[in-house]
Amino acid sequence: MVNLTIDNKKIEAEAGQTILEVARENGIVIPTLCSNEALEPSGACRMCVVEIKHGKRTRIVTSCLYPVAEGLVVETKSERVLAARRLVLQLLLARCPESKQLKEMAQDLGIEPEPRFTPDKDSSKCILCRMCVRTCEKVVGVCAIGFSYRGAEKNVCTPFKEDSVSCIGCGACAYVCPSGHIEMETTDSGDARKIWGRTFKMKTCKVCGRYFAPEDQLAFISRTSGVPVEDLAVCISCR
Amino acid sequence: MEQKVKEIIQQYSGDKSYLVPILQDVQKEFNYLPKDALCAVSTHLSVPISRVYEVVTFYKAFSLKPKGRYQLSLCMGTACHVRGAELIARNVEDILGIKEGETTADLEFSFETVGCLGACALGPVVVVNGEYHGHMNIAKSTKLLKTLGKKVGTDDNQD
Amino acid sequence: MTTKIKSFDELKSVQGRLKAGRDPKKPCITICVGTGCLAYGTQKLVDNFREELAKRNLADKIDFRTTGCHGFCERGPMVVIAPEKVFYQRVGLADAGEIIDKTVLKGEIIDRLLYVDPATGVKVVHEDDVPFYKKQTRLVFGLNSKVDPESLEDYLAIGGYSALGKALTGMKPEAIVQEVIKANLRGRGGGGFPAGWKWDATRKAAGEPKYVICNADEGDPGAYMDRSLLEGNPHLVLEGMIIGAFAIGSSQGYIYARNEYPLAIKNITLAIKKAREAGLLGENILGSGFSFDVKINRGGGAFVCGESSALFASLEGRAGEPRAKYTHATDKGLYDKPTNLNNVETWANVPFIIERGADWFASIGTAGSKGTKIFSLVGKINNTGLVEVPMGTKLREIVFDIGGGIPNGKKFKAIQTGGPSGGCIPEKYLDMGIDFDELTKIGSMMGSGGMIVMDQDNCMVDVAKYFTNFLVSESCGKCVPCREGVRRMRDILVDITEGKGREGDVELLEKMATAIIDGSLCALGSSAPNPVLSTIRYFRDEYEAHIKEKRCPSGVCKALITYSVDAEKCTGCTVCAKVCPTRAASGERKKAHTIDVAKCTKCGACRESCKFDAIIVR
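Chains as they are written, first to last, in this note's numbering: chain Z, 19 to 257; chain E, 49 to 207; chain G, 73 to 690.
Everything labelled a hint here was simulated from the structure, so no lab data went into it.
The hints are all genuine.
Each pair of labels, with its calculated beta carbon distance range:
| no. | chain 1 | residue 1 | chain 2 | residue 2 | range |
| --- | --- | --- | --- | --- | --- |
| 1 | G | Thr634 | Z | Gly73 | 50 to 60 Å |
| 2 | Z | Gly73 | G | Thr512 | 19 to 29 Å |
| 3 | E | Glu77 | G | Gly231 | 36 to 46 Å |
| 4 | E | Asn177 | G | Ala670 | 34 to 44 Å |
| 5 | G | Asp119 | E | Ala187 | 22 to 32 Å |
| 6 | E | Lys83 | G | Lys133 | 51 to 61 Å |
| 7 | E | Glu77 | G | Asp132 | 40 to 50 Å |
| 8 | G | Asp403 | Z | Asn44 | 22 to 32 Å |
| 9 | G | Leu580 | Z | Asn44 | 28 to 38 Å |
| 10 | G | Val566 | Z | Glu30 | 43 to 53 Å |
| 11 | E | Asp63 | G | Asp403 | 22 to 32 Å |
| 12 | G | Asp201 | E | Pro114 | 51 to 61 Å |
Heads up, the beta-carbon is just placed ideally off N, CA and C, and yes, glycines get one too.
From just these sequences and the hints, can you work out the full model?
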């Protein structure tokens, strides 16, 4: 166990935890944009920055990655922290002026857009939080999408920006996307869904008859787990 | 093509950590990185194609499009910049009708700017297919392009 | 050298034999074939010499050696003739025969090839008297002129690998680490972190295997010291790495070299092969029981890969994105194993420290910065090249005494150190001694050693824009402050240079700078604002002229300048009209010309071609 201070509150925490985890457990709110419990932290958005003091030096670090330590003093709302967070959100608002979620967060945090940043003209809502790619790689294990290019040209796409060959239509990327950028279309009857340029036929549950998962996804799970496809054709409610 | 890719991968013992040098060798072989070659790399090196694509587009050395017969690299390092490389870049772009990083439609010329060639005493420097041309200026860059066969508009200005 | 040297004693006797076999009185022609000199066409001169020596049947009577960079790049091609060390510069590519016949065989000096000191008008005959060299302390770099980088024998003949022998057979690893700590060798790649502490931390870290890496990515534009060291004396760098590996307890090393350095890669690859064959690398080095080998990997063209965790990613075959985690590379670096990463020049200093001792090394330099540093002195400078001076040497000395001052009678304005992560230093600090900490105090940094000199014709806002633009294209794109913040800074700078700057822009840039420094994931982002901040700090008046008066005082920013002809100076030679691509410049022969501002694209061709200084740019 380690003893640390967050916003003048003395806290006891388990060694190995991050400042963010400990803060959340103790009701201290730190905003995040690229954090997800199912994924390893990436430290990409920099919203969760805090100011730490260990000995004489103070430092700005991302709370999602910084491990707690004995005697650590953390401030989650110091001037430097607020200035960094303000800039991050202002930059993202200029990048994705159409994003409802960003506008809401800005309102919550009392951050106004910076008028000197001309909003980007393309209507992309991607904030490059990396959750979709991390999910597809580590949780689903398919690697259908990835990053390309670098800097301001960096974007998430399928290889060669072509219709995906390896996507299994699971929709996990659309589910985790925090800004509504990744869209998955489903037909009215639910018999098919479209994502990453491909249309996926949905399988019906052999118990209740409802469409519940893409055939490609079940085939993938069958291949990797060894369980025959037929045994997988039961939806969650019927299991 | 697949066979050549396999040979190149063999030279690096199929070690995934040599992805970048492998891609450089493949590019040298085919003058650019054709999609099929990249798929072959992905298959034979056991690296997901999404990662191969990420690496190819991340690093400046790689080109997904064929390069021109004459590949011009203009150094835009700081020393060359302060000696006026920017003006030379604009001149070359004007004459060739392309922007840096592009290739002319007839596949004759590719023009790119590079970070630093380390030949600062000769700055500004243009390298054409490995041959260095130092002490460049606007007039010399026009002359160089003419020598390489590019017809230049100001020819009719001569009296 | 195809038989392995099996002990330090055997090494000493091989060195002795090789040295004895070299008659110091025998004539020797040395030519620099570093990349810079090759760009002058020196290969033709080399071929010319070989031909002429063969023609005269002198190949075995006169030694001929091609070496790496000598540093005086402004004056290449260069030939030095031993034993007198006659120094010839700007040698013609077909001058070989004349040089052999006159100087080598008869001792006659060819006047036109001598260096003339512009300050005194005196012709300098001997290499050691050339002011450019004389005022330097060419401890590390000076060895370049003594060895053919393709020859292991050359390196052994000058005592190479003695430090390795001493370390392996006479010192304990912990003692070697202590020696490097005592010497206070600070990283030469930019960070200036004490190398000894890094070695110590890696040595003590838990985990196997441990890796030792040489960072030869040298991304700062305008800096080419590492290239010249790796090209010119690869064994020196290799020796340093092997000693380091022994001290740290590593058996696997990597050299990560920039793709844009093919000659350096070729030479280090060959050096590794030869060192292995000689038992100086690989299994059971010099019979000591210590085994260590080195692999070479290449970069793909990304400045960010100079950052250690991005370098590791690239070495692992991935895109060069830095790691956000708060772990030290010495604990978890390459493949999450303890890794010691040092720069080329840092490794090159190690054999000297081991051979001559930490106290000797620490006697050179200042209190906080020991030893010498190699700088690339480039830009608006007469003697462009690589210079090596003790830490603490005044900037003024480097620029004026060694560098020969500013060409064309122009006035010094600033010197940029530290590359895109550094800052511009104005004239008032010219008497500052070069020192890691002193440079940081004034808003710049040592960086890898690039020194770009600027004069009155350089616009400092344009310089800030240039560096910021560079960083925008090199940002990996992972974190918001760098990817989005630096490009917004660039956009504001572009506006300012185009006359669209607004009141409050400078203050906004300063505010953004702080947040970007605080929020960025890696050092690329957190140092990106430095060029902007340092130019605002020392040249705020230029920013204000651009913003308030829509004026570029240095005559650089196209949108804010006008080209016109000075009627009094114009002789009507018509050269400007001939080179003008839009027929904006025109006039009758022998009459003052004019420039039609409406047609003028400000391409600069007329200014460049006018021999009478009659083009006014304001």
